[in-house]
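2 protein chains.
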Amino acid sequence: MPFIALSDAHQARLDARSGRVTGPTANLAPGHVQANLAILPAALADDFLRFCQRNPKSCPLLAVSEPGNPSLNELGVDIDIRSDIPRYRVWHDGVLVDEPTDVRDIWRDDLVSFLIGCSFSFEEAMLDNGLPVRHIEQGRNVPMYRTNVPTVPAGVFSGPMVVSMRPMKVAEAIRAIQVTSRFPSVHGAPVHFGDPSQIGIADIHKPEYGDAVDIGEDEIPVFWACGVTPQSVVASVRPEFCITHAPGHMLVTDLVNSRLAAF
Amino acid sequence: MPFIALSDAHQARLDARSGRVTGPTANLAPGHVQANLAILPAALADDFLRFCQRNPKSCPLLAVSEPGNPSLNELGVDIDIRSDIPRYRVWHDGVLVDEPTDVRDIWRDDLVSFLIGCSFSFEEAMLDNGLPVRHIEQGRNVPMYRTNVPTVPAGVFSGPMVVSMRPMKVAEAIRAIQVTSRFPSVHGAPVHFGDPSQIGIADIHKPEYGDAVDIGEDEIPVFWACGVTPQSVVASVRPEFCITHAPGHMLVTDLVNSRLAAF
Numbered sequence: 001m002p003f004i005a006l007s008d009a010h011q012a013r014l015d016a017r018s019g020r021v022t023g024p025t026a027n028l029a030p031g032h033v034q035a036n037l038a039i040l041p042a043a044l045a046d047d048f049l050r051f052c053q054r055n056p057k058s059c060p061l062l063a064v065s066e067p068g069n070p071s072l073n074e075l076g077v078d079i080d081i082r083s084d085i086p087r088y089r090v091w092h093d094g095v096l097v098d099e100p101t102d103v104r105d106i107w108r109d110d111l112v113s114f115l116i117g118c119s120f121s122f123e124e125a126m127l128d129n130g131l132p133v134r135h136i137e138q139g140r141n142v143p144m145y146r147t148n149v150p151t152v153p154a155g156v157f158s159g160p161m162v163v164s165m166r167p168m169k170v171a172e173a174i175r176a177i178q179v180t181s182r183f184p185s186v187h188g189a190p191v192h193f194g195d196p197s198q199i200g201i202a203d204i205h206k207p208e209y210g211d212a213v214d215i216g217e218d219e220i221p222v223f224w225a226c227g228v229t230p231q232s233v234v235a236s237v238r239p240e241f242c243i244t245h246a247p248g249h250m251l252v253t254d255l256v257n258s259r260l261a262a263f
Numbered sequence: 001m002p003f004i005a006l007s008d009a010h011q012a013r014l015d016a017r018s019g020r021v022t023g024p025t026a027n028l029a030p031g032h033v034q035a036n037l038a039i040l041p042a043a044l045a046d047d048f049l050r051f052c053q054r055n056p057k058s059c060p061l062l063a064v065s066e067p068g069n070p071s072l073n074e075l076g077v078d079i080d081i082r083s084d085i086p087r088y089r090v091w092h093d094g095v096l097v098d099e100p101t102d103v104r105d106i107w108r109d110d111l112v113s114f115l116i117g118c119s120f121s122f123e124e125a126m127l128d129n130g131l132p133v134r135h136i137e138q139g140r141n142v143p144m145y146r147t148n149v150p151t152v153p154a155g156v157f158s159g160p161m162v163v164s165m166r167p168m169k170v171a172e173a174i175r176a177i178q179v180t181s182r183f184p185s186v187h188g189a190p191v192h193f194g195d196p197s198q199i200g201i202a203d204i205h206k207p208e209y210g211d212a213v214d215i216g217e218d219e220i221p222v223f224w225a226c227g228v229t230p231q232s233v234v235a236s237v238r239p240e241f242c243i244t245h246a247p248g249h250m251l252v253t254d255l256v257n258s259r260l261a262a263f
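Protein chains in written order, with the numbering used here: chain Y, 1 to 263; chain U, 1 to 263.
Please note that the accuracy of each hint is not assured.
Note that identical chains are pooled: a pair holds if it fits in a single copy or bridges any two copies.
Below, computed lysine-lysine pairings styled on BS3-like, alpha-carbon distance capped at 30 Å [claimed, not checked]:
1) Lys206 x Lys169
2) Lys169 x Lys57
3) Lys57 x Lys206
The set of hints was computed from the structure by calculation and includes no laboratory data.
This is chain Y alone, in the form it adopts within the complex (with noise of 0.2 Å):
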């Protein structure tokens, strides 16, 4: 029996750290903030951070850390970004070379740590209130797509928003439209809906990332700014090193999802 109870986000992290959790984490920690990752060397880092201040639909910031500092206060009691995520992807020159679950042996001195929002966050909220959340339903990855809106560019960061999309009817679009804009740190409100094509979506059958889902007869598309346009935009510029998590392994953090609420 430990003498201080941990809390089930900081336990997350430590089984992450000591390699008895390499798995997902999408049902770790229920209710708290979890966060989607990229290491850039300090060369790249300002550009980048530009970049995420000018797309914060895109790109919600969550905590930025100093260079070759592997810790993140704002997020949590004793985080060591190199060990805490359950799996990494490093990337080299664009290249993926590898998977691991810690990166310690890898650090470097000039690695800036972005943690960006994510959409389990709004899709706890939109559950909670009564809305359908498809891909949750059907067991599957959210559908994503590359859209035609560009986002803004920083440096040499640019390239088009990707969306997630999640089917509903327009009475419950209404609702989640209400419901996700309270929270802007993890991607706010939608930034469309109804006719893909208005976004360069050319099938909505045919998602980029993810998973296709059911649409119902009586059902509209609904679509919120997505995690991965960062992650995109970053592999487009082929930065000679890069850490991300890998898809699904995020960083649960000990922030409350329903405290990120703006009102």
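Guided by the hints, dock chain U onto chain Y, whose structure is given.
Frame of chain Y; chain U shown alone:
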């Protein structure tokens, strides 16, 4: 020179009371809440109060008077509801019998006044947010439609919801949902957008009330619950005696639109 400066809103009411103003109130006392009026005998007032309570999107009650009492201190200084609206409509058994500028001579001790929020308030917020309000742009009355969406009945009162429509682009509709959600006491968020047939509207170009407006190729119709709903419901009951405001001739209150915002 008066010793005490009256507010624009108080002045507008005194001008209506004196007969100096007998026309529509749309441009009077900018920034102030204007209200729809229904005056019913006490025998019907209890049912109607429950009807409003059960249908807050169509019938957002700003104030209800004591029976027989013509003042409404919640809505403004020195209000006399028998004279402070520029033009009334008097109904006997559901038939319009008069359109006087004053109802002091027909006042009764059993009359209860219902003051109901009006879309002027949220339209001001929409304009402040750079959103289009087409009927204002086109100098027309807002288009209104009878739907197949039932209200929740109370006593003798029942009937379909009436909606107003404002066309806009999808991104504007998302913003309009955010902006009008702040104003639950003046109809709040839309009740529908997109396909009009889903709420029983056969022809978007033929509103049952008001005027048709132009809808752009890249625009969708957005529908809000409308204060004509209670008027339509009251008319169908054909009460032995009833007073309403004449369309567009509202009570100008001392309340400020921006202070109605819920968040």
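To test your reading of the hints: which numbers does this structure violate? none
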